[in-house]
Amino acid sequence: MIPMEKLSDYVHKSSLSQLDKLLLILAVEHTKPKQIGEIRNIGRNAGLVKIYKWNIPDALTKSRDKAIHLPKGWIIKGPGKDRVRNIINVLEIPKTEETLIGTYVDKKRIVELKNIKCHYDLTRLVQMLYELDDASSRNNYISVIMLVRAILDHVPPLFGNKNFLEFANNYNGGRSFKESMVRLQESCRKIADSYLHGQIRTKESLPNRIQINFSNDIDLLLSEIIRINSQ
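In case it helps, this note's numbering puts the sequence shown at residues -18 to 212.
It should be emphasised that the hints constitute simulated quantities derived from the structure, not laboratory data.
As the structure is a computational prediction, the values presented were derived from the model and not from experiment.
Be aware that a few hints might be false.
Said to hold, decoys possible - Subject to a maximum C-alpha distance of 27 Å in a straight line, what follows is the list of computed DSSO-like cross-link-like pairs (lysine-lysine):
no., residue 1, residue 2
1, K31, K53
2, K95, K31
3, K43, K31
4, K58, K143
5, K53, K95
What the hints assert, rightly or not - Label-pair restraints from in silico Cβ distances:
no., residue 1, residue 2, range
6, R45, R208, 17 to 23 Å
7, N26, R156, 29 to 35 Å
8, I123, H50, 20 to 26 Å
9, G179, N150, 23 to 29 Å
All residues carry an ideal CB built from backbone N, CA and C; glycine is no exception.
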C-alpha cells in the first residue's frame, strides 16, 4: 500500500496518532506480517527516533481490529487499510483543497451554512456536521450513523415541520428529493436505531462504511436548507 520511500513523508505529521503511525508502518509491504523488532526498525529508518519507547503490542491490540497478530507477526486488516487510505488522501490533498473536501460531508456545504442568514441558530447543526465528518474519517461508523440520526431529528423546524417523518412525507421538493428523504427516514433511521437501542447479544455484527453511507442524501438535505435560506 505504501512504498518505503514515502513512509517518512507521512509519519512525521503532528496530526497523526501513535496508532496511525504504526498502521502506516504495517502498510509497507502490507501482506507481510511484521514482528515488533521489524516494526521498530522500519519506524526508526523512517525517522521515528522515539519508537523504541512505544508499547507497540498494546497499541495494536487496542486498535479495534485494524491490525491482527499472527504467528509470524502483526498484519494490517481491512479497517486499518481504510484508515491508512484516509490518512493518505488527506495528506496528499493540497492545502488549498483540504479544507473543502470531507469524507462524509462536503465542507463547502458547511461554509455555506455558516454564511447564510436564518431565523434559526445553525450553530449546533454545523458542529454536528464537523463531528460527523471527523467520525467518518476515523472509521467510527456507529458514531457516524448516530450523528446522522441526530441531524434528522434536529432540522425539521427549518422546513416548518415537527419531525422528519412529517417533512419526508409532505415537503414539496420534487420526486427525487422526496425519495432521498424517505430513504433517510426509513432506512437510515432504522439502522441507527438498531445500534442506539439494541441491547447486548451473545454475537454482534458491526456496521461498515457501506452500511452507514447516506452521504449523498445528507448532501441533498443540506443543499435544500441552503437554498431556501438564500432566497
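>> Can you confirm whether the C-alpha distance between K58 and K143 stays at or below 27 Å?
In response: Violated. K58 to K143 sits at ~44 Å, over the 27 Å cutoff.
> Does the alpha-carbon distance linking K43 and K31 stay inside the 27 Å limit?
Replying inline: holds (20 Å)
> CB of N26 to CB of R156, is that within 29 to 35 Å?
Replying inline: Cβ of N26 to Cβ of R156: about 58 Å, so the range 29 to 35 Å is violated.
> Between R45 and R208, does the beta-carbon spacing fit 17 to 23 Å?
Replying inline: Given a distance of about 39 Å, which is not inside 17 to 23 Å, the answer is violated.
> Straight-line Cα separation of K95 and K31 no greater than 27 Å?
Replying inline: violated (42 Å)
>> Checking one constraint from the list: CA of K53 to CA of K95, max 27 Å. Satisfied?
In response: Violated: K53 and K95 sit about 52 Å apart, past 27 Å.
> Taking 20 to 26 Å as the hint, is the beta-carbon distance of I123 and H50 inside that range?
Replying inline: holds (24 Å)
> Is K31 close enough to K53, meaning Cα to Cα at most 27 Å?
Replying inline: Between K31 and K53 the Cα gap is close to 24 Å, so the pair holds against 27 Å.
>> For the hint 23 to 29 Å, verify it against the beta carbon of G179 and that of N150.
In response: holds (26 Å)
The structure fails hints 2, 4, 5, 6, 7 (numbered hints given earlier, in ascending order).
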